[in-house]
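Peer 1: Single-letter residue listing:
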Amino acid sequence: QTASTDSASVDIRHTSKGFQFTTPENRFQLQIAGRLQFRYAFPYDQNPLDFDDFEEPDQHLFKVNRARLKVGGHAYQPWLKYYFEYELGASRLLDFRVMVEKWPWLSFKAGQWKVEYTRERSISSGKQQMLERSLINRPFTIDRQQGVSVYGRIDEGGLLDFNYHFSILTGMGRETRHNDDKKLMYVGKVFWNFLGDGVAISGSDLKHQSKPQASIALAGATNTSPYTRFSSSGGGELAGYGSGAPGQYQVNQWVVETAFQYKSFSWQSEYHRKRINDNYGPNTGHLAGLYVQGGYILNHQDAAKGKPLFEIASRYVHYQPELSLPQNSEEEYTLAFNCFFNGHLNKLTADFTFFDFDEMSQNREANDWRVRVQYDFSF
Amino acid sequence: QTASTDSASVDIRHTSKGFQFTTPENRFQLQIAGRLQFRYAFPYDQNPLDFDDFEEPDQHLFKVNRARLKVGGHAYQPWLKYYFEYELGASRLLDFRVMVEKWPWLSFKAGQWKVEYTRERSISSGKQQMLERSLINRPFTIDRQQGVSVYGRIDEGGLLDFNYHFSILTGMGRETRHNDDKKLMYVGKVFWNFLGDGVAISGSDLKHQSKPQASIALAGATNTSPYTRFSSSGGGELAGYGSGAPGQYQVNQWVVETAFQYKSFSWQSEYHRKRINDNYGPNTGHLAGLYVQGGYILNHQDAAKGKPLFEIASRYVHYQPELSLPQNSEEEYTLAFNCFFNGHLNKLTADFTFFDFDEMSQNREANDWRVRVQYDFSF
Amino acid sequence: QTASTDSASVDIRHTSKGFQFTTPENRFQLQIAGRLQFRYAFPYDQNPLDFDDFEEPDQHLFKVNRARLKVGGHAYQPWLKYYFEYELGASRLLDFRVMVEKWPWLSFKAGQWKVEYTRERSISSGKQQMLERSLINRPFTIDRQQGVSVYGRIDEGGLLDFNYHFSILTGMGRETRHNDDKKLMYVGKVFWNFLGDGVAISGSDLKHQSKPQASIALAGATNTSPYTRFSSSGGGELAGYGSGAPGQYQVNQWVVETAFQYKSFSWQSEYHRKRINDNYGPNTGHLAGLYVQGGYILNHQDAAKGKPLFEIASRYVHYQPELSLPQNSEEEYTLAFNCFFNGHLNKLTADFTFFDFDEMSQNREANDWRVRVQYDFSF
Chain S
35 QTASTDSASV DIRHTSKGFQ FTTPENRFQL QIAGRLQFRY AFPYDQNPLD FDDFEEPDQH
95 LFKVNRARLK VGGHAYQPWL KYYFEYELGA SRLLDFRVMV EKWPWLSFKA GQWKVEYTRE
155 RSISSGKQQM LERSLINRPF TIDRQQGVSV YGRIDEGGLL DFNYHFSILT GMGRETRHND
215 DKKLMYVGKV FWNFLGDGVA ISGSDLKHQS KPQASIALAG ATNTSPYTRF SSSGGGELAG
275 YGSGAPGQYQ VNQWVVETAF QYKSFSWQSE YHRKRINDNY GPNTGHLAGL YVQGGYILNH
335 QDAAKGKPLF EIASRYVHYQ PELSLPQNSE EEYTLAFNCF FNGHLNKLTA DFTFFDFDEM
395 SQNREANDWR VRVQYDFSF
Chain V
35 QTASTDSASV DIRHTSKGFQ FTTPENRFQL QIAGRLQFRY AFPYDQNPLD FDDFEEPDQH
95 LFKVNRARLK VGGHAYQPWL KYYFEYELGA SRLLDFRVMV EKWPWLSFKA GQWKVEYTRE
155 RSISSGKQQM LERSLINRPF TIDRQQGVSV YGRIDEGGLL DFNYHFSILT GMGRETRHND
215 DKKLMYVGKV FWNFLGDGVA ISGSDLKHQS KPQASIALAG ATNTSPYTRF SSSGGGELAG
275 YGSGAPGQYQ VNQWVVETAF QYKSFSWQSE YHRKRINDNY GPNTGHLAGL YVQGGYILNH
335 QDAAKGKPLF EIASRYVHYQ PELSLPQNSE EEYTLAFNCF FNGHLNKLTA DFTFFDFDEM
395 SQNREANDWR VRVQYDFSF
Chain U
35 QTASTDSASV DIRHTSKGFQ FTTPENRFQL QIAGRLQFRY AFPYDQNPLD FDDFEEPDQH
95 LFKVNRARLK VGGHAYQPWL KYYFEYELGA SRLLDFRVMV EKWPWLSFKA GQWKVEYTRE
155 RSISSGKQQM LERSLINRPF TIDRQQGVSV YGRIDEGGLL DFNYHFSILT GMGRETRHND
215 DKKLMYVGKV FWNFLGDGVA ISGSDLKHQS KPQASIALAG ATNTSPYTRF SSSGGGELAG
275 YGSGAPGQYQ VNQWVVETAF QYKSFSWQSE YHRKRINDNY GPNTGHLAGL YVQGGYILNH
335 QDAAKGKPLF EIASRYVHYQ PELSLPQNSE EEYTLAFNCF FNGHLNKLTA DFTFFDFDEM
395 SQNREANDWR VRVQYDFSF
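Residue numbers (the numbering used here), protein chains in the order written: chain S, 35 to 413; chain V, 35 to 413; chain U, 35 to 413.
A pair holds if it fits inside one copy or across any two, identical chains being indistinguishable in the list.
When the alpha-carbon atoms are kept at most 25 Å apart in a straight line, the in silico DMTMM-like pairs for lysine to aspartate or glutamate are as follows:
1) Lys241 with Asp195
2) Lys216 with Asp87
3) Lys104 with Asp45
4) Lys217 with Glu89
5) Lys115 with Glu59
6) Lys143 with Glu121
7) Lys161 with Asp79
8) Lys216 with Asp84
9) Lys51 with Glu121
10) Lys217 with Glu90
11) Lys104 with Glu121
12) Lys216 with Glu90
13) Lys217 with Asp92
14) Lys341 with Glu59
15) Lys241 with Glu190
16) Lys216 with Asp402
17) Lys51 with Asp231
18) Lys136 with Asp336
19) Lys339 with Glu135
20) Lys216 with Asp92
In case anyone wonders, no lab produced these hints; they're calculated from the structure.
Full structure from sequences and hints, please.
Peer 2: Below, the structure is given as structure tokens:
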């Protein structure tokens, strides 16, 4: 049972996870941090979803894009961990999970979190290399779900050094209070760390890795629900799919991803496939998408002097909303510049994006430029 | 006036109320805690409300059922206390109150809180013996209200050892910004602690009380509002009552409750009556309900060894939605198992419930089983 | 890059901004505070907006009027500051801003905050002299906006001691995610501190200033948006203006304000003008308003003894909704009494208000009394 601990030696310090309080013998720990992401965009901020979006009037826009409160730590045992993250701007509980991490090869998690599926989505919005996630995040992400997970790392440091995650989830998205039917969502992911420790779930090689780090990962997911896509708003529908009834859409999807970091250079890619079956109608869908992304820190030697680091990075994205209409595609070309004052915790990012949408089945095409500047600040 | 206090001797420790910071001479104190309640349910989670609910398709469900941020302490004086509790999942302010507790026999409170009316509702959802409150909580609870209260304890340790609470409230439920008319809600409650200190507002005898503890309490409430029931969503209507106009429903209700704890055994019960008068129509209602509940810790001697404690508990509930239709009733039979890793602060609970609804006035009956598993974690 | 700081000497104390944690060399600082504002009102709380409001049935009302969580501090550098404030009752992010305050004469700010325009609105609702802002706050405030600002103080202590603020904002109000068009909001304000340091943005002379303090300020704003007014709910429309389309309303406005404090006496006033042009219709508006307000602490000598301070204060407000209809006006006469237990951080306020509305263009007049009592508590 819990008794009040002794005051004498509570350890307090500021870490990359904010102010941290730790009781003697590391029994209880609390970390409190916050983050502000402030953005300017022209002529719009959100990626275009369809051809109408290209016709919208231009805007100049300033906004607090993300405002996060983050609390984590452990209680009773160092291996009994918790974490919650709340979006103050939209008043949304994003994460709340409890983790049992007693054995590296066998950990457990329960709660709500970003299910381990794609690297792009798993990387915190505050640790991205680019200013924001790519065009294909929307159709393919599984986003946050509620459920349980088992995960761990096997053969650490060996040739068969794997990380694995297997999750069983309600499959109705963030903050839902019910399921539509008896069917659950199942998601699995395996990382093969064939060189060293694998690549951290964080963009940019800020450490100037002296040994090459690489990860190859394969993930798959299956779900039956009223939804064809998920976001931090919960479940929703892709273009062309009507609002779903319980059990209407059966979705199977997989992704292959790569990641690599070495001497200030970083690389990552994902290739996606997704099939949608409408259990109550003739609708079927087969979607594919990929991105490749790379960046380079220009002045790694300045890190030791406490000076800002500069990075240039680029991304190419190709999305096919329906493989049976192969002439239809959406492309994104993005160039980004980072100025890291204090790593990802205090940085300025600018990006320039060119969108090129082709819908030859309807004889339409459209393209456009966008510029954005973003300041990301954690405390 | 407030001046900055000296740093030298701020006391920091972890308590059952989370991390606690106290300035010298106990002038200011701040406690920060959080709680996650994670639940699995089949074939549904919420108690059925009517016969249609028994026909709903079965569900498997995982969800973050509660996600709380709790901040309390005192300021300026040890007896000037505050407390707020925020539900992060639903983005709702539950409690925010300031208390003047200078004299044990005369305390004052202002703000929003769970008005002292029923034991079941007053016990925090994290300190319940059963996995969740009973079937009769919904029709009879007064829930959270905004207003002022006077309360205290008289003849402490004597034969007439009483706790009392008297509250004057807006009577429109949680977070309302206005009243419907000039009429306020009045609620009174008296506990008679005829053995020792009375029973704490917390389920299960985790302390293996060596002396028997008992409380008998009587409470009553009267309110005129557009509502016939309250919940943490605010005001609402019981089945059979249309959406109310200002001043439409006059509700008078009372409850008798008992509580007892002794050597790992704990008991509690409530018997309710409630009358509803429709000031603008012929509708009247007369409702009655009761529950009895008991539990026993199987291995109290393991507490000293720091091992988990196991409890088996059971509850029977009988609800009559309308006393003038005496053949109509709703019953709940529940069996629960608790595994207390760290008391109520870190526990696993499973419950099995059998519902039996009879509406002989309509010649209908229905019954069903439900199983749930819940993990409750405070930090 | 950020590394974990040393625990040894983290400074902890309670200040007027709550509990404060500071790492060695003042590199990181975190302040956590909360505030509850509890209010009783009769026969209503909100100022009447039109003649119908005078006919509403009387109410007795208790409510948690404000419930704030405030977190501020600095990170990486003492001059890189942050602050956020969240309204727990309405689940609204009010402020979230990052400030670069390296040079007194040239500071920068980005985020969302109450744009520096009127003294009345800039003063925190917890530091007001009166119980609440005046009748003219609603038509003239610019409230919270998202954008960037440059500000500072020039010729400190000299004859030309000025504070200036210049802000470029999206101009769509609190928490908006987009702009309606390319046009932004521009707001400027200049304070001339012709005696000493100027008057702090806080009501009442609690310090019994031994030297007279005075500020004269001039501010102006221009914006094109769908809105004719702003509040903490975001953009909205004044009476007589329909829901706006993108770019519909062009609003230009200015204010002159004075403030003065000396030996327990405090004074402030504002005079406003505002022009509204409807770009899509013939609607135009020309509004004017003023308030004058004064107060006196009756027993300043008791501050040293730690006793409560008492203040009596009064305000007169005159509002002309349309200058071309000069017989139409709205007036407010308010008398307030403060009991400061611990300055603005723990105080009780009562106010009595008389409203007098004349709409001679429609041959209507109405007037009414209101009484309110408020307890404001910060921790």
